[in-house]
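Line by line, the protein sequences are chains A and B.
Taking the working numbering, the leading residue of the first sequence gets 1, the next gets one more, and so forth.
Taking the working numbering, the leading residue of the second sequence gets 1, the next gets one more, and so forth.
Just so you know, these hints were derived from the structure itself, not from any lab.
Everything numeric in this text was worked out from a predicted model, so none of it was measured.
Think of the CB as a built atom: it goes at the ideal place given N, C-alpha and C, for glycine as much as any other residue.
Among the hints, erroneous ones may be present.
Unchecked claim - Some chain B residues judged to face chain A by a derived CB distance under 10 angstroms, without partners named: (1) LEU59; (2) VAL60; (3) VAL92; (4) ARG96; (5) GLU100; (6) LYS241; (7) GLY245; (8) PRO249.
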Amino acid sequence: MAGLELLSDQGYRIDGRKPDELRRIRCKLGVFTQADGSAYIEQGNTKVLAAIYGPREADQNMRNQICHDKCFLNCEYTQATFSTAERKHRSRGDRKGQDMSTHIKQTFEATIQTSLYPRSQIDIYLQVLQADGSNYCACINAASLALIDAGIAMKDYVCACSASLTKGKPVIDINHVEESSDCAELSVAILPKLDQIVYSELNGRLHANELPDVIDAVVRGCKDLFVVMDRTVREHLEETATTFTHS
Amino acid sequence: MAKAILGDSEKWFIVHGVQDDFRTDGRSCESYRHIELETGILSNTHGSARIRLGSSELLVGVKVELGTPKPQRINEGWLEFHVDCSPNAHPVFQGRGGKELSDNICSMLTRVYRNNTVMDLEALGVIPQKHCWVVHVDVLILECGGNLIDAASIAVKASLYNTGIPNISLTDGDEGEVEINLPDDPEDVKHLKTINCPVLVTLSKIGNRHIVDATDEEECCCSASLVMGVTRRGHTVGVRKMGGGSLDPESLTEMIDSGKKIGRQLHISLDKLLKIEAGMSEDIKQTGYL
């Protein structure tokens with residue numbers, strides 16, 4: 001779009017944020033009653049629902065994936081038809097969805113302590129209700145909270161954040177408009193307390209000299225996100241504990 | 001459909017309970033579970049609604065776009081339904097697992113809305129033969145707790161009530177073509193008249209009696225069910241029998257009468273609720289799933 005600056009001269013982005021500011025994050029655990037674990041997260045206008053089923057006995061059609069010493073993960077990422085500005089019907093099993101599902105599965109294979117659940121299956125289902133940029137990151141955060149809600153053993157929280165580079169400054173938690181521009185897009189998922197990167201993906205071109213700055217910015221963004229997620233989990237725990245003690 | 005697994009004694013327990021007009025959760029044969037409804041929760045749609053009927057949860061999003069009218073009806077627009085079963089609801093819906101259920105619900109909705117009296121389709125026409133509004137209604141099933149068809153129809157009516165079609169103005173462009181101008185103000189919308197929109201009422205036959213709003217377990221015990229579309233005035237706009245069992249003609253008429261009465265009551269409560277919600281001021285926060 002001509003004349004649309006991603007970063008104004010005063011240092012503000014299109015939605016009025018500073019370059020190192022995350023969008024408003026609201027999350028809730030235990031949204032569904034039938035799933036073993038569920039969570040809902042809103043990162044600005046990106047809304048994602050995650051549901052976890054498991055650990056459970058492997059399905060008939062997935063018998064060939066059973067491992068004797070660990071569980072296997074099954075992940076499906078779906079986007080609602082009304083999630084984007086233009087209505088788009090996405091069939092199940094389309095390329096983009098499969099791609100995302102594989103990336104998310106990889107991320108959690110590195111986090112969940114799979115050796116504790118031999119011969120079982122854990123299903124991670126993600127449903128994007130509204131997509132406004134950083135879909136992958138919102139999905140990882142939602143799934144992380146849902147796994148905590150399901151009580152599945154993990155090495156640490158997984159927090160994901162995206163970043164881009166405009167006018168030499170790294171900007172984090174990019175929205176759809178910033179994603180569709182020509183800038184590079186880096187998505188990173190980290191284990192905040194262990195300070196380890198479990199997944200990273202870079203689309204577009206970035207100069208090697210600029211890379212460390214962007215990675216620093218995105219890791220800081222992830223740690224800020226961790227603070228929000230941790231607070232939500234603790235509040236949820238307090239609420240649940242009070243219902244037990246008062247009944 | 002994601003079926004609950006019940007043993008024989010559990011099935012008998014449910015059947016006997018229904019015969020005494022006392023179901024497992026204490027309801028009578030003709031009462032619905034607790035319904036929670038919220039409209040306007042998705043900001044990038046023209047209308048949306050979220051419903052929670054007992055433990056069933058659905059989300060409906062309505063988007064309108066300009067399209068070409070059908071050749072037999074050049075002055076009218078049309079509605080298109082699409083149902084999607086999210087794997088969040090049940091692992092069997094992964095991949096193509098939910099196709100049968102979603103096709104079922106979609107065909108039921110399309111059938112009852114195809115009626116001329118239900119929706120004023122001429123209000124959706126823009127330029128005869130050239131342009132018209134196509135209303136895409138997308139239903140997303142997030143949790144299966146029984147009675148998805150009724151929940152879907154209530155949410156569809158609520159979301160259509162909430163839908164705002166942009167107020168376009170027509171001006172004469174060059175070469176005799178008419179130009180369509182969209183308004184600048186996103187609030188400049190006209191609402192659809194949903195006064196005659198039907199709701200679907202599912203009556204399930206268990207033993208000798210029929211029940212409304214069956215849960216997952218009750219659906220396992222029912223031999224046959226009747227789905228009927230009922231408008232506000234109690235008129236029937238569509239009937240379909242589902243299930244592997246058979247119904248005798250007497251019970252059929254009984255069920256239809258019952259369905260009409262229940263449908264009318266449902267409309268009255270729904271309309272009242274929608275009016276109250278529309279009248280609430282903007283500083284009531286939308287909670288959605290939070």
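Worksheet item: Does the nearest C-beta of chain A fall within a distance shorter than 10 angstroms of the C-beta of GLU100/B?
Response: 14 angstroms, violated
Item to complete: Return the status of the interface hint for LEU59/B: holds when the least beta-carbon distance to chain A is below 10 angstroms, violated otherwise.
Response: Hint on LEU59/B: holds, closest Cβ of chain A at ~7 angstroms, below 10 angstroms.
Discussion item. Tell me if the interface restraint on GLY245/B is satisfied: Cβ within less than 10 angstroms of some Cβ in chain A.
Written reply: Violated, because the Cβ-Cβ distance from GLY245/B to chain A comes to roughly 27 angstroms (cut-off 10 angstroms).
Worksheet item: Quick one, is the VAL92/B hint okay against chain A at 10 angstroms, beta carbons?
Response: 9 angstroms, holds
Worksheet entry | Interface hint for VAL60/B, Cβ within 10 angstroms of any Cβ on chain A | 9 angstroms, holds
Discussion item. Please check whether PRO249/B passes as an interface residue: C-beta within 10 angstroms of a C-beta belonging to chain A.
Written reply: Interface hint status for PRO249/B: violated (38 angstroms vs cutoff 10 angstroms).
Practice prompt. Hold the hint about LYS241/B up to the distance rule: shortest CB distance to chain A must be less than 10 angstroms.
Written response: It is violated, given that the least Cβ distance between LYS241/B and chain A is near 28 angstroms, above 10 angstroms.
Worksheet entry | Satisfaction of the ARG96/B interface hint, Cβ to chain A closer than 10 angstroms | Status holds, d = 6 angstroms.
Checked against the numbered hints given earlier, this structure breaks hints 5, 6, 7, 8; the rest are met.
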